[in-house]
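> Residues per chain are reported as follows:
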Amino acid sequence: MSNTDHQGDVWEVFIQSKPGLPHKHAGSVHATDKEMALQNARDMYTRRQEGTCIWVVPLQAIVSSMPEDSESFFEPSDDKIYRHPTHYIMPEGAKNI
Amino acid sequence: MEDIKKLEEFQAKIDADLKIEPKDWMPEEYRTHLQRQISQHAHSEVIGMQPEGNWISRAPSLRSKVVLLAKIQDEAGHGQYLYSAAETLGKSRDEYLEELHSGKAKYSSIFNYPTLTWADIGAVGWLVDGAAIVNQVSLQRTSYGPYSRAMVRICKEESFHQRQGYEIMATCALGTPEQKKMAQDALNRFWWPSLMMFGPHDSESAHTANAMKWRIKRETNDELRDKFIQKTVQQAEVIGLTVPDPDLKWNEADGRYEYGEINWDEFWNVVKGNGPCNKQRMRHHIKAHEDGTWVREAAIAYAEKQKSKQLVA
Ligand SMILES: [Fe+2]
Ligand SMILES: [Fe+2]
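Chains as they are written, first to last, in my numbering: chain L, 1 to 97; chain U, 1 to 313.
Honestly, the hints are just simulated from the structure, not real lab data. Don't take every hint at face value.
Quick look at which bits of chain L chain U covers, simulated, 3 or more residues with Cβ under 8 Å [stated by the list, open to error]: (1) 58-71; (2) 79-93.
Below, in silico cross-link-like pairs of lysine-lysine (DSS-like), each with a Cα-Cα straight-line distance of 30 Å or less [said to hold, decoys possible]: (3) U:K13 - L:K80; (4) U:K23 - U:K91; (5) U:K272 - L:K80; (6) U:K287 - L:K34; (7) U:K104 - U:K272; (8) L:K80 - U:K23; (9) U:K156 - L:K18.
Note that the structure is a prediction, hence the values are computed from the model and not measured. Note that beta-carbon positions come from the ideal geometry of N, C-alpha and C, so glycine has one too.
Let the hints inform the model, and build the full structure from the sequences given.
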């Protein structure tokens with residue numbers, strides 16, 4: 001992911017495929033400025049009506065958790081089953097809950 | 001040793017069919033194998049635009065011209081997706097291009113054959129994209145996440161490529177006697193090089209064992225080649241063309257085609273750079289890259305200027 005080349009910086013591309021849906025990561029492009037990033041993303045990722053909206057984000061602006069952190073990051077919630085609705089016992093016969 | 005433990009964990013992940021992502025630990029050979037394979041794949045998409053670009057200005061109708069343009073534009077996109085996937089392995093795009101230009105990196109030898117007639121454009125779409133699709137469908141399940149995602153996207157786009165090629169072949173084959181002859185001649189020249197696209201026999205392939213163990217490849221060269229042949233022979237029969245293999249025959253008992261041996265001397269000769277168009281393809285790519293230098297420089301200068309304007313404001 002080196003940005004030291006002459007092809008511009010890497011921008012990550014997120015596409016919303018229909019109004020109302022979340023933007024989803026599609027891939028990346030190289031560009032030297034934000035307009036170029038948006039145009040390149042349009043040319044590369046929406047040639048077949050794949051989207052209604054595009055976001056481009058400079059790769060350097062993205063902060064990612066690391067695989068080695070995944071234990072401390074994601075595992076503690078495993079024992080908090082009371083965060084799930086199935087944890088609760090409903091009285092016999094109750095409806096629509 | 002820590003590395004042995006990491007290696008065991010890595011292999012366990014692969015065996016459980018979990019994807020490896022860029023920031024995950026991976027053995028150095030896995031990384032270099034992928035760098036080589038994905039960049040070679042990217043270079044092939046981009047160099048592959050040349051033999052087809054040869055016919056844009058001579059396409060026989062407006063319809064065939066817009067189709068060919070759209071197809072070639074897709075191939076440019078495929079190259080971009082694949083370079084992006086390759087870059088996640090810690091090498092820049094400049095480095096990959098440098099390796100292509102210096103001859104260190106290869107691209108598929110099929111693109112070192114010329115497209116002499118319009119029927120060749122049909123043969124390329126039908127056979128070359130057809131072979132690529134068989135390979136790429138299998139690679140959708142590759143163990144490296146970014147490569148797998150690029151393959152899924154590419155496979156969606158490929159489906160029209162093969163159909164447009166087969167349509168050209170069918171039109172020629174069912175046309176005038178001269179047109180049929182042109183179609184047969186294209187098949188004669190592209191059949192064997194298309195089979196060579198799958199690479200050497202498994203027993204001769206230096207990389208197959210690791211690639212299978214790490215699930216970079218999910219099926220071997222020979223398995224994929226066989227799949228392609230079984231599908232394609234019937235398509236040739238439908239449009240009345242003859243596959244140029246004297247050993248080809250239908251085995252009724254097994255329900256499959258048997259076929260002859262590839263001329264491996266020709267294969268290695270083209271890989272070594274002695275195909276009909278190796279030099280022309282590379283010369284053209286280097287020239288296009290160098291001619292584009294001022295555009296890249298101007299774009300960077302413009303971006304710098306915008307940045308300093310923002311600082312002042
Ligand atoms: Fe392609
Ligand atoms: Fe294609």
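> Is it true that the CA of U:K104 sits at most 30 Å from the CA of U:K272?
The hint holds at about 11 Å.
> Hint check: U:K287 vs L:K34, CA-CA at most 30 Å. Holds or violated?
At roughly 28 Å apart (the allowed maximum being 30 Å), L:K34 and U:K287 satisfy the hint.
> Given the hinted pair U:K13 and L:K80, is their Cα-Cα distance within 30 Å?
At roughly 26 Å apart (the allowed maximum being 30 Å), L:K80 and U:K13 satisfy the hint.
> Next pair to validate is U:K272 with L:K80; report whether the Cα-Cα distance is within 30 Å.
violated (61 Å)
> Are at least 3 residues of the segment 79-93 of chain L within less than 8 Å of chain U when you compare beta carbons?
violated (count 0)
> Are the Cα positions of L:K80 and U:K23 separated by 30 Å at most?
holds (28 Å)
> CA of U:K156 to CA of L:K18, is that 30 Å or under?
Between U:K156 and L:K18 the Cα gap is close to 18 Å, so the pair holds against 30 Å.
> What's the verdict on U:K23 and U:K91, does the C-alpha distance respect the 30 Å limit or exceed it?
holds (14 Å)
> Verify this for me: three or more residues of the segment 58-71 of chain L with a beta carbon less than 8 Å from a beta carbon of chain U.
Since three or more residues must qualify, the claim that chain U covers the segment 58-71 of chain L holds, with 3 doing so at under 8 Å.
Violated hints, in rising order: 2, 5; the structure is consistent with all others.
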